[in-house]
Amino acid sequence: MFRKEPVLGGAEIAALVTMAAAFAIPMITKNVLVYSVLNQALVGIVAAQSVWIMLRMNLLSFATPAFMAIGGYTVAIAGRYEITDAFLMTALAFLLPALAAVPLGALVLRLRGTYFVLVTFVLSQIMQLLLFESESLTGGSNGIAGVPAVTLLGTEMMSNRQVLLFACGIAFLATVITALLTRYFRQHFAAIEENEILAESLGLVVWRYKAVGFVIAAGIAGLAGYSLVNMLLTAHPSSFSSESAVDFIAYTIIGGRGTILGPIVGTALLVYATNLFGTHGQYAQGLYGILILAVILAARGGIAGTAAAAFRRVRG
Amino acid sequence: MKHSRTPLAAVLTLFTPLALSIPLDLAATAAQAQSCEVKVGAMGPMSGGAAQWGLAMAGAAELAAAEVNAEGGIAIGGKKCKVVIVPYDSKYTADGAAAGSNALASQGIKVIIGPVGSPEATGIKPVAARNEQLAWNAAYAKNALEPKFPLMFHIAPGPGTWSDAMVKHALQSFPAIKSVALVAPNDQGGTDIASVDAVAYRNNGVTATEEYYQRGTTNFAPIITRLLANNPDAVDTASSPPGDAGVIVKQLRLAGFKGPIGRMGGPGTEEILRVCGGIDVLRDFYWFETVAETEKVRDIDNLYRKLVGKEPPGGTALWGNLPAARLTMKAIANAGTAEDASKVAAELRKLAVDDPNMGKGVWSGQKQYGINQELFFAFGVGIIKDGKNLGVTRMEPGT
Amino acid sequence: MQQFLQAAVIGVSLGAQYALLALGFTLIFGILGVVNFAHGGFYMLGGYVAYSCVSLLGLPYPLAVIGAVAATAALGWVFELYFLERLIDDHLATLMLTLGLYLVISTGSLTVFGPLAMEFHFPVTGAFHFGSIYVPKENLVVLVICLTALAALWAVLFRTDLGRGLRALADDRAVAMAQGMRPKLLFPAAFALATGLAGLTGALVTPILALSPGVGDPVLATSFLTVILGGLGSLGGAALAAFIVGMVEAYTSVYFGGSIGALVLFVLVLLLLVFRPTGLLGREVRGA
Amino acid sequence: MSELRVEGLTKRFGGLRVFHDIEFSLPPGALMGVIGPNGAGKTTLINVISGRQPPSGGRVFLGGRDVTGQPAHAISRLGVGRSFQQTNTFKGVSVRENIARAIRFGRRGIPQGLEQLMGQFGLIPRLDEQSDKLPYGSQKMLGLVMAYAAGPKVLLLDEPAAGLERSERDNVDLFVDHVRRVGGASVLIIEHDMDLIRRLCPRIIVLDAGEVLADGPPAAVLARPDVIAAYLGDTEDAA
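Residue numbers (this note's numbering), protein chains in the order written: chain L, 1 to 316; chain Y, 317 to 715; chain W, 716 to 1003; chain Z, 1004 to 1242.
Hints may be right or wrong, so weigh each one.
Keeping only pairs whose Cα atoms sit at most 16 Å apart, straight-line, the calculated EDC-like set for lysine to aspartate or glutamate is [unchecked claim]:
no., chain 1, residue 1, chain 2, residue 2
1, Z, K1094, L, E193
2, Y, K574, Y, D596
3, Y, K464, Y, E448
4, Z, K1094, L, E196
5, Z, K1094, W, D805
6, Z, K1094, L, E194
Facing chain L, according to a computed beta carbon distance under 8 Å, are these residues of chain Z, among others [claimed, not checked]:
no., residue
7, F1087
8, R1104
9, A1153
Residues of chain W clear of chain L, computed beta-carbon distances all greater than 12 Å [to be verified]:
no., residue
10, P775
11, P838
12, V839
13, T840
14, L855
15, A864
16, R879
17, R882
18, A904
Simulated from the structure, these hints should not be mistaken for laboratory data. Glycine included, every Cβ here is placed at the ideal spot set by N, Cα and C.
Work out the full structure, taking the sequences as your base and the hints as a guide.
Here is the structure:
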């Protein structure tokens, strides 16, 4: 009656296959615009996955940019001392924000949903101010420019294609972690999202799963920060503003908060659309606003959720 | 538990990254095959608080292109080619400018007019170098130019070049100034300029204190109270955005500050007058004008209306950016190509700095940045005394 | 000493401005349970509507303020009725809806009014001087209007049927509806009341400071701080917290400079929130 | 086996005192009822014992161990399960998923005779139906089955029969009997249905104005004039 959960569900497999397919793109084309759009999308996907993990428990987090900054600046500062090894930096970019999320999580996770949203918003504002005030460590308002390229197994990933391939790698790794985490704890997260009190009365240690989600989401955000800094070769405060948190939340909600495919679909389409705006940047934010209204009112499951539901109806 | 719950969603997203790449790829290559066209990029913040500076950068590029196209275009390989400007909104952020460089590079654009702000300059330099693109930035950052980025040019000198001359001139109109308090945002756009201005003041015997505020502040009363505590003779708004500077002036006068107010930073006097409540509120004001305003310089706006057929973007930024755009067009013509940035750069360095509207200028930047790739035209020092605009005094480059 | 008193004067005027904003924000959350991300947008809209009335329609300033309040209240009413009403119980959905609205408003105003600051001045200028302390007249006007708005709001909530209905809905919606409170009428009224207050603040403050597309952004962060400190859903708490935030901002900025002031404020609120999650006077907020 | 013992338990909300000095012990496998007029603090009593709300005073012991003030998940892990007044299930998912989660969170494997219990309440044919689409009665029983599925040693039932049809109320008897006989757990029932209380409970406690008015076998307790005056006087219709 109660079969063991399959390690990966349909959506998770589709997500992993999609992210694997992304590796093919730098091989097929040398078009730098495609590289740029895809690289931005990959950074956005990883950040949106960080938001998505917390959304599994109905917790909307604005703190993604703060943890991205920790990951990004770790890499930039290490770059000053010529430490650029891919595996070491990937581990650090994940672990440092995750470690920072432990005390922060203990502070923040006791709060009811609405307070959680407000506090994470305040957290990302504080991170911006900390970056400005810590001149010696983070270069203050100028940030850290000229971050050296990643070295993977001895080869320096200098060219556009190599940078993109590395971004694909980070995004794939993040998707693996996110898929395993949200699949293994699917029932726990879903129970917390829907009825925390009932779950706790049955014995679920709610705060522990919230903490695990918060810490791993912070690590994933750190990876996004690493990928962003590697793309720009600079770590600059303006890249980690609280406005960017709004973008990642929009990607996840519009893409579809119900499935791991949501952040992927939402980010890919919205980053692609924003680049089309190129010249009229100011309308991009307006587009996000309209899309959010449309999704919340008409298609609660977002793009991926609605598509899945449509397919199920068709299949009957 | 059915095995795969979302097969269609899976199929849909399986091809998203692939699907997206193909149309982009086609669009890019197709455009080039049409009639002979020379594409030049234009970049700057076209949304948010600094939008006016970005739109002015794109405007300068459009005007220079319109002038060249009026005479049939640029001679490339024996044929006259039409110059097309491709604008990109870099949103005043480092990653915005980097994304812009990639976006323009993919359309084969190797020459960019812009970006504008310090964060954008920081963001674009490494990426433009990787894409082998020539670019002009108008940032006042200390590292606006660097020897290791030979393809980066600077549209106008930062405070390091003109602040000393400006302080001397301001002291002639307002000899009473013995101490000054500088106010600017606490990010790169503010600190880089205010700190250099402070050095210029100190070199001329004026004690200078720097006061930084959080960008996005709307009420400056607390900062002003802090400033006036050691009652400075003058207050300098350096490179704070015009909107903020207008409020600072209004609240300074409200607080009873009678001394002169200075602005050794970006343009915006027109907007400051509009926000603070007019010239009699401003009363005593000295400001750095990127452009020494003359009849011929103001004529640029008419030229813009005639050739581009639209209203010019407000303020003086359009004028300051135009010479760089014109020289770039000339350099592309001399180089006979817009594909090879280093060739265009080599031609550019050979050109004399002489603009039909702005008059004569010089290449500068060696002292300040160690690379002589900065246009230095006559700038202006505007003076308003006792509520009367005494106009902008022309300061020749190198004074 | 002069600095100390001057900082107090500034703190009070900041407090008045933040109180007007925080009241609307708390009202919406207390009664509808909605975190209004578009609050800064309504503030900005109030400024632009007042500006348009004065400069385009040539109306006298007081009429323009009334126009601004009416316009923002109407938009609030319509938005609640046709957008928020169906999803009122889903805190996340309403939060995202107001976020979407904010993005549309700020992009719209940038497109219509352009990026530059508008020429928009408060009719009353100048300041009273007591020795070296100055009290700008316009701030006094705003302070007076703020106190009257506070009193009027208090009267509406505690002395009228509409108010009694709103408070009943805030305490326990199911019971209130069982006794005939019609949320179809009261919810839009509450939302309109709150957005009208934000519009009023915009119409009053933007001529004193500056009116440009970006003025809405910092309003959100300040409203959050004020409301967290005061306790979500508590009007008294929000008003008290607004003056505290005003004072803290004034004194930290005067004595420590701009950027550190903001940091102190944020960290203070973060710590308080964690050790007293209901804020000063708020009650245990309903689970999202 | 573990005995639930409560000593001097008190709960105040600000000035309002909900109940004070509640004393009783529930030996392993025992069954006890708690009755009292509305607002006597019965549900709050369960919330405090199960750890959902902290007590203002007094002690709670489980198998001799002091568990006062521990969080709900800890007390649940120690074996104190509870059900909720309204039907409390995970609405958006199937019956199967609801029960699977209860088992997984309880971490004590599949309790004795669970499938048999589910069969008795007609839940087996509805395993893949969404829980909030079930008729009210079935949802209520699903809530009880989930509480049992978490493998409790002590089960606190908050008005299990509330809202059930006459015919469905026997299910509560079946459930309580199964929980004690097969599951070996002790049960505390809060209920208004006096027939059910009389039928099932060998011992009842009457709560009134925050105090234990009476504690003993129903026949004796319900005959006492002060109990009748305080409680039964006004609800004669509880036929």
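Problem - Given as non-interface: A864 (chain W), which should sit over 12 Å from chain L by C-beta - result: A864 (chain W) clear of chain L: closest Cβ-Cβ about 24 Å, beyond 12 Å.
Could you check that no beta carbon of chain L comes within 12 Å of the beta carbon of A904 (chain W)? The assertion about A904 (chain W) holds, with a minimum of 22 Å to chain L.
| request: Run the C-beta distances from P838 (chain W) to all of chain L and say if the shortest one exceeds 12 Å. | output: With a cut-off of 12 Å, P838 (chain W) remains clear of chain L, as the shortest Cβ separation is near 32 Å.
Practice task
Take the C-alpha atoms of K1094 (chain Z) and E196 (chain L), compute the straight-line distance between them, and say whether it is at most 16 Å.
Solution key: Holds, at about 12 Å.
query = Within 16 Å, alpha carbon to alpha carbon, are K1094 (chain Z) and E193 (chain L)?
reply = holds (11 Å)
Hint check: is the beta carbon of R1104 (chain Z) less than 8 Å from a beta carbon of chain L? Given a least distance of 5 Å, the restraint on R1104 (chain Z) holds.
Does the nearest C-beta of chain L fall within a distance shorter than 8 Å of the C-beta of A1153 (chain Z)?
holds (5 Å)
Q | Interface restraint verdict for F1087 (chain Z) against chain L (beta-carbon cut-off 8 Å) | A | Cβ of F1087 (chain Z) sits 7 Å from chain L, so the hint holds.
For V839 (chain W), is the shortest CB-to-CB distance to chain L above 12 Å, so the non-interface label stands? Given that every Cβ of chain L is farther than 12 Å from that of V839 (chain W), nearest at about 34 Å, it holds.
Classify the label on T840 (chain W) as holds or violated, using whether its beta-carbon is more than 12 Å from each beta-carbon of chain L. holds (33 Å)
query: Between K464 (chain Y) and E448 (chain Y), is the straight-line Cα distance small enough, at 16 Å or below?
result: Holds, because 13 Å separates the two Cα atoms, which is no more than 16 Å.
Chain L versus P775 (chain W) - minimum CB to CB distance exceeding 12 Å, so not interface: At roughly 33 Å from the nearest Cβ of chain L, P775 (chain W) sits farther out than 12 Å, so the non-interface label holds.
Figure legend: structure checked against the earlier numbered hints; every hint is met.
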